[in-house]
Every structure is written in C-alpha cells, then in structure tokens.
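S.K.: Protein chains in written order, with the numbering used here: chain A, -8 to 117; chain B, -8 to 117; chain C, -8 to 117; chain D, -8 to 117.
A portion of the hints provided could be inaccurate.
The list treats identical chains as interchangeable, and a pair is accepted whether it falls inside one copy or across any two copies.
Cut-off 27 angstroms, straight-line C-alpha distance, at most; resulting in silico cross-link-like pairs (DSS-like, lysine-lysine) [unchecked claim]:
(1) K58 to K35
(2) K14 to K58
(3) K35 to K98
(4) K105 to K83
(5) K68 to K58
(6) K83 to K98
(7) K32 to K116
(8) K83 to K32
(9) K98 to K32
(10) K58 to K115
(11) K58 to K98
(12) K116 to K35
(13) K67 to K98
(14) K32 to K14
(15) K14 to K74
(16) K83 to K14
Because the hints were derived from the structure by calculation, they are not lab data.
Everything numeric in this text was worked out from a predicted model, so none of it was measured.
Number of protein chains: 4
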Amino acid sequence: MNIRIYYEDTDALGIVYHTNYIKYCDRARSELFFESDIDMKSEKGALVIRSINANYMQPAYLGDMLKLGGYISILKKTSVLAKQFITRNGIKIFEMDIRLVYVENGKPAIMPDKYYNLFLKNFKKD
Amino acid sequence: MNIRIYYEDTDALGIVYHTNYIKYCDRARSELFFESDIDMKSEKGALVIRSINANYMQPAYLGDMLKLGGYISILKKTSVLAKQFITRNGIKIFEMDIRLVYVENGKPAIMPDKYYNLFLKNFKKD
Amino acid sequence: MNIRIYYEDTDALGIVYHTNYIKYCDRARSELFFESDIDMKSEKGALVIRSINANYMQPAYLGDMLKLGGYISILKKTSVLAKQFITRNGIKIFEMDIRLVYVENGKPAIMPDKYYNLFLKNFKKD
Amino acid sequence: MNIRIYYEDTDALGIVYHTNYIKYCDRARSELFFESDIDMKSEKGALVIRSINANYMQPAYLGDMLKLGGYISILKKTSVLAKQFITRNGIKIFEMDIRLVYVENGKPAIMPDKYYNLFLKNFKKD
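Produce the entire structure from the sequences given, and follow the hints as far as they go.
M.R.: Have a look at this one:
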C-alpha cells in the first residue's frame, strides 16, 4: 500500500507530524479487511489497541510517496501483535509493533473466524 | 472559548491548516452543549452539517491563542444557522456561516427542546 | 482520484467528520501538482485559501470508496476559483467552491507560470 | 493541563481515535514551552521524536475531560525521555514514554539552555 504525503500530514517543522505514521499503519491494517470484503462495522466487537512501540528513523516530507509493509508476528484467539513499517525508496523510515485485542462489551473476546483467518494469511514467524 | 495552536494544527507552510479553523468552530458549538450538561450521545438524532461558507482573513501560527465567538442567526424547529468567527488579539482572522439540520434516521426531525432552548439563548438578530 | 474512508476519517456519529471532505479536496488539488512534478516547496510563495463554500449532501461511512472531481472555473494571474466535488457510486455527496490566492511575503503575487498552466489545463467554463 | 474530547477526536467506534492520545501529550509538552515564553520557532533546531512506547488502558469518549501529567525521567544535553500519562477522574487511561532528540540540520545537537533548564524544572528521578 502506497501513501502520498499531503499538506494535512505535515506540520510547521516542514515534516510529517509524528502521529500520522501511526495513522498510516492503521490505514494499512484496515485495507487488509476492506480488500477481503470483511465489514468491520457488522461485528459486535472491535479490535482495540493495547500498546504501541514505535521508532522514528527519518522524517518524511510533502509530496513523498511512502510504502507500507508489515505482518502478524503473534496470533492468539483474542489478540494479535502486528509488526508494521514504512519505507521511502526502499529505506525504512518508521517501524512499530502494535498489539490489538478483540473486545466485545468492553471485555476481551474470541475474534471472528474471518478476522483470525485474515491474520493467519498475514502471519510470519520472526 | 480560547484555543491554543499546537504543532498538530500547523502545516508545512508554517500556518494553521485551513480545515482546522472549521474544527475549532465545532469545538465551540460542542462546548455550548457540554457546559449545559446536554449529553448529545443520549439522543436518537444528531445535528448534521448541510453547508459552510467560510472566509479566511489572516493566517494563524504555532503558539497563537485564538478566541472563538459566534451566535445563532436563524433558528427553526429542525435547523439552525450559526455565525461563528475567530479573533486573535481582537482582530478577526476567520468567519463562517454554518447550517446544521437535526437528523433522525437519515431524515430532518424536530430537535429536542433542550437543543432548541440552548440555541435560543445564543440567538441574536442580525 | 479515489479516496478510501478509514477510522481516522470518521467520528462518533459513525460518519466522516465534516472537515475531512475539505481535506480530500486539498489532496486532489495537491495531486495535480505532484503528478505534474511541480515542487510546491521550491517556490517563494504559496497558494493560500481565501474562501470556501461547501454543501454536504450525503454522509460517507467507514470503508467507502469516494471519487474526487473538479475543475478551475475562474483563472486569474494571482488567484483561482476551483469547483470540486465528491461522488460515491456516481452520486454526488459533497461539493465546494474554493478560492485560492497566490501569496508571497503575505501579499498577493503573480503565480508561477507552471502553476498557471496547470490550472489552465484544468480550466472549464461554467 | 485539561483536554476536552470533541467529535474530531472520536471515531466510528465511538471512542477517541488512538493516535489522538499521543497528540494530547504533544500539546502538554508544547504548553510547557508556551507558558515559559519560549519561542520554539526562533531556534535553528527542533526537538524531533525518536521513539514512543504507549499503553492504552481505557477508552475515552465524547465530552470527557482528561487530565495530562508527566515529567522528564532522563535528561541529556541533546535528548530527553519524557514520561507522560492521561487520567480521567483520577484514573490513568493512557501512558507513554517518548524520546526526543534536539536536531539541527538533520543532526543531533546540544539543545538551547532555555530548553534544558525547562526540562530540568520538570525532571523527576524514577
């Protein structure tokens, strides 16, 4: 998945505002669901973020075309750990680990099979 | 209501990104409701935006302290027209007219009395 | 230009937050420049927004794929009026007129030829 | 520092979008500078984010009033580690460690004395 940097993404330092890289990773995760025709809105529960560990290597700028990559490194029935990264011209500029838990009525629950299978397809042993 | 400009509000031109002024006006409208202890989430319907006419007079910058002002200039049972503006040190830098319609199940509906009364308190004839 | 709706675009009403449609129009304008290899950062001046007139016809939702369209309807040496709109499955859900002025050192200035020519290519008489 | 949750902060799940908590922490750091009358724009360099470790404990909702807290736990001449957290009614709902490096012309540099002294005032041994 490619992401173009627009004015909305930048700040007065002339670089991409730091929380936006984390947004792009969310776009990439959501796109997995959309492309598999999984309607996240129709489920009782939702994937909720528990933790993020992010490293910023290089800034991105207006007009840059970034590439999103990643995979699932831990897959359980109620949660996943995703490893995601962003490259520009093949060079990694950002990486993060994100832990998501499937939650129903405020409590962890077993995720729908189609979620699990989608994650399984994107699973990779570290 | 005062609003401070942070990095998140600015863009690579070094000024506040243009849609953010419209966000600040939304904050000011919402604050009216919160301060009157009106829980917008408990209503069946919601105020939905139909049109915005905005004029940008002067840019705002990182660290600026802006002041929001405004009033209701047209008040009907299902809709309102709000006139909102932003000043910095007493000088107007942005103004907009926004028309909101109360919508239930996708259709215009009569707004709750507490909404109407709140708007009435903030009504001013042009 | 197509734009997918992600969680970041939506709000607690379950629809796209109103200022985001205006952001998408900015993306479409910027994309014109990027695709023509015009580096907006290398110019002394910049296009600054003077006014926006926007109409909201239908809400958009998580996962929607929207299509951006538009053209320049007034073209002067220092300013343009752009007419932009957003459709979903061929139905218009948002439209806006936006007036932009080329500004150098805080004052209107004649825009670079490459800007003017790009706008001219996208000019259409109403 | 208190932060009110508005529609712009929420997403279609009805909760605050996950990157916004990180934005609020940025607001709190910037406010330290603004309240000390330090003009970040006048410096040659800037504080750039290197890493974020964030934990999400509880969601926040439209209308919530959140409280930001935090301190500097590591202070060097070119970088700091800040520990920041967000509470609602005295209960912690979010916490993060953020490492910032002072950068001039793309390289780490010794931060201005007024930056260092401001961080020193907010330093606390873990």
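S.K.: Compare the structure with the hints numbered earlier in the document and write down the numbers of the violated ones, lowest to highest.
M.R.: Per hint list: 1, 4, 5, 7 and 12 violated.
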